[in-house]
Amino acid sequence: MAEKEVKLMKGNEVIAHAAIRYGCDGYFGYPITPQSEVMETLMELKPWETTGMVVLQAESEIASVNMLYGGAATGKRVMTSSSSPGVSLMSEGMSYLAGAELPCLIVNCQRGGPGLGTIQPSQGDYFQACKGGAHGDFHLIVLAPNSVQEMHDFVADAFDLAFKYRNPAMILADGAIGQMMEKVTLSPQRPRRTEAEIEEECKSWAIFGKTPDRPRNVVTSLELRSEEMEKINLRLQAKYKAMEENEVRYEAIECDDADYVIVAFGSSARICSATVELARNEGLKVGLLRPITLYPFPTKVIAELATRVKGFLSAELNAGQMVQDVKLAVNGAVPVEHYGRQGGSLFTPDEVLQALKDKIINRG
Amino acid sequence: MGEVELKQENIVYAKSKLMLDNVMHYCPGCSHGTVHKLIAEVIEEMGLQSKTIGISPVGCAVFAYNYIDIDWAEAAHGRACAVATAIKRLHPDKMVFTYQGDGDLSAIGTCETIHAAARGENIVAIYINNAIYGMTGGQMAPTTLLGMKTATTPYGRDPRLNGYPYKIADMLAHLDGVCYITRQSVHTPANVRKCKRAIRKAFENSLAGKGFSMVEVVSTCNSGWKMSPVQANEWLEQNMLPFYPLGDVKDI
Amino acid sequence: MKETLIIAGFGGQGVLSMGKILAYAGVMQDYEVTWMPSYGPEMRGGTANVTVILSDKRISSPIAHEYDTAIILNQQSMDKFEPLVKPGGTLIYDVNGITRHPVRKDIHVYTINATEECARMGNARLFNTMILGGYLKVCPVVSMDNVMAGLKKSLPERAWKMLPANEEAIKHGGEIIHKV
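If you're matching them up, the sequences are chains W, Y and P in order. Heads up, the first sequence stops at 364 in the working numbering, and the numbers go up one at a time, no gaps. Heads up, the second sequence stops at 252 in the working numbering, and the numbers go up one at a time, no gaps. Heads up, the third sequence stops at 180 in the working numbering, and the numbers go up one at a time, no gaps.
What the hints contain is simulated information worked out from the structure, not anything from laboratory work. On a predicted model such as this, the values are computed, not experimentally measured, just so you know. Built from N, CA and C at the ideal position, the CB exists for glycine as well. A couple of the hints might just be wrong.
From the structure, some residues in chain W lie toward chain P, with a derived Cβ separation under 10 Å [as the list claims (entries may be wrong)]:
{"hint": "1", "residue": "THR33"}
{"hint": "2", "residue": "PRO34"}
{"hint": "3", "residue": "GLU49"}
{"hint": "4", "residue": "ILE119"}
{"hint": "5", "residue": "GLN120"}
{"hint": "6", "residue": "SER267"}
{"hint": "7", "residue": "PHE347"}
{"hint": "8", "residue": "GLU351"}
Full structure from sequences and hints, please.
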């Protein structure tokens, strides 16, 4: 067995290494700060000479996401990465990918918005990632890494989930995770699936040239007959329901005896894990609930916590987005407040603790 | 009259085996059906059914996948060349073509078209130019002629108000990644035959790895033009062809 | 062991690479490591800083609100980070370009005149390794062997011919750092 390699790498660089090592077939992307290192690293590594992975710098994010549509339509494991404004350009494509039920991976290394905004880290795209973010009723599978190691591991997880449900998956990171260096254990090189394996797995829907043994496959999201389109929607919703039943992932830190729970994801959760340490040092029973899948959201876990804690603080690098899902889960049982920084600013562990005290623990 | 049994030696014409029996949604007189037939014939004659992947557009030809018996992907509006790029890059042995209208290829998808061509992607674009948006009800296209009345140029296209029509074929011909650009029509039997030869040549270019090929087909939209099919063919000859002259623009 | 360090100065002073050498050295020493840079256009001339955390345990937050050590290389960074050094912590600064010197009495303050020393030696590119040497003299968080290994890791192969000069600079940095 190949030996595991421990490296010091940026989150963005790791995405590229993980893509190659997990047998990704194609990457299509367009440069944007703070995630450009993904494609730069791929171009440096030249995987087309080793695994045969295709890497192409497209003319825009619009082209990139439609290249994903084409690649995914042939059953290949394809991915792109971008940052917030670029992901907005992909939103039409994401709706088509979901509508045509195509598996693929989109990495969003978020920066502060709205508009051109800033290049500093933000979590302002939670709504966009988790509430569809484009036209029509659909969901992406959304994974939120909080370390460079998870940037690596989630590439495999995202592809597995995407193919399991034939649905686009997103890794929702941010500039902090993308630009940060940490130790990472790289996976051994996995082979790319062979054409025969892809055909076996995807022949009921993917396009690789019609052969006499099967009817032609058509990849489309179009159905003009409303009663038929409703059936498609119902099927998609059943799929999302199955994701909600089976794929929720979270990390609970010191929640067992907690009086108060901070809910935070991604880089915020890393910061808030230090808040928990600070609070415990002061004798405050504070826990951290970190949703790892933002869609499907850990609603049941939070609802269960709400029966035994005194309040929640949703700490996010935005004006208050995930807090809405926390409130829906808590359903009025105990107070839920939001604390955030915006526009690319980060909060520090002590600032979150102060906010928890001000907004929840010492509220009148 | 009873069934007439056809003897093999008496057959002078048959529908391509790749043309499906689905009833076409195109208006009677529309050029799309003819071009579909030519593509099906070329794929069949070249023995490429199991190698060919088609990309259908948004526009009247969105349902092209209902008529030719090959694997298809239906692309978002204008993005067919990006979709085709990825498929061809991931499957270099396949024959990948897009089928796009003037709105799709030369308005909303101009960027994707130009860059696929500039990169020299080994794909074929079949470009149906009928100077109007058919599916949405006859609005102005980038190719609408000056003075031409459409739903959004009810008093005729006025360059001061609506800008000028443009010839994307001529633009693409300048790009190094492009090997073959031709402008054809299907309004007479002779032109139909020529157009078929052009499509075949484009497909051969792609298989030979020569780069990007585009076959523009100057087409009629008699519904959108509000004419009978015969009048539309005449109008095409008198008005469209002087601005969009037929023939090869680039062939290397 | 846990060391939370901020290195802050101008873009172009080698702030980020100094942090990178230390981070690589930390990995060699089997520490957990985070290297969290400021990034973007400010790297090309404006202020730049990097937070490096070395720890023998899992590192929770890569973002800190106070630091064990601050290495300060311009005035803006002095103004911003002097107050954020933990009581009993360490502040190291190059006097060049500093108009307002640190005033805190509850921290250990060191100066290192690496700008002038590099100018004297005619090699400005040794600036950051010289500063690093000064830091390691007062905070020997990683061994010299690991620092050299980290330096090698952080440089592209074509720059390895610079390794001996940098090693000298690190050693020299340890000689020219002074407690205030």
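For each hint, the structure was consulted:
{"no.": "1", "hint": "THR33", "in the structure": "6 Å, holds"}
{"no.": "2", "hint": "PRO34", "in the structure": "6 Å, holds"}
{"no.": "3", "hint": "GLU49", "in the structure": "19 Å, violated"}
{"no.": "4", "hint": "ILE119", "in the structure": "5 Å, holds"}
{"no.": "5", "hint": "GLN120", "in the structure": "7 Å, holds"}
{"no.": "6", "hint": "SER267", "in the structure": "8 Å, holds"}
{"no.": "7", "hint": "PHE347", "in the structure": "8 Å, holds"}
{"no.": "8", "hint": "GLU351", "in the structure": "7 Å, holds"}
The structure is inconsistent with hint 3 alone, although it conforms to all the rest.
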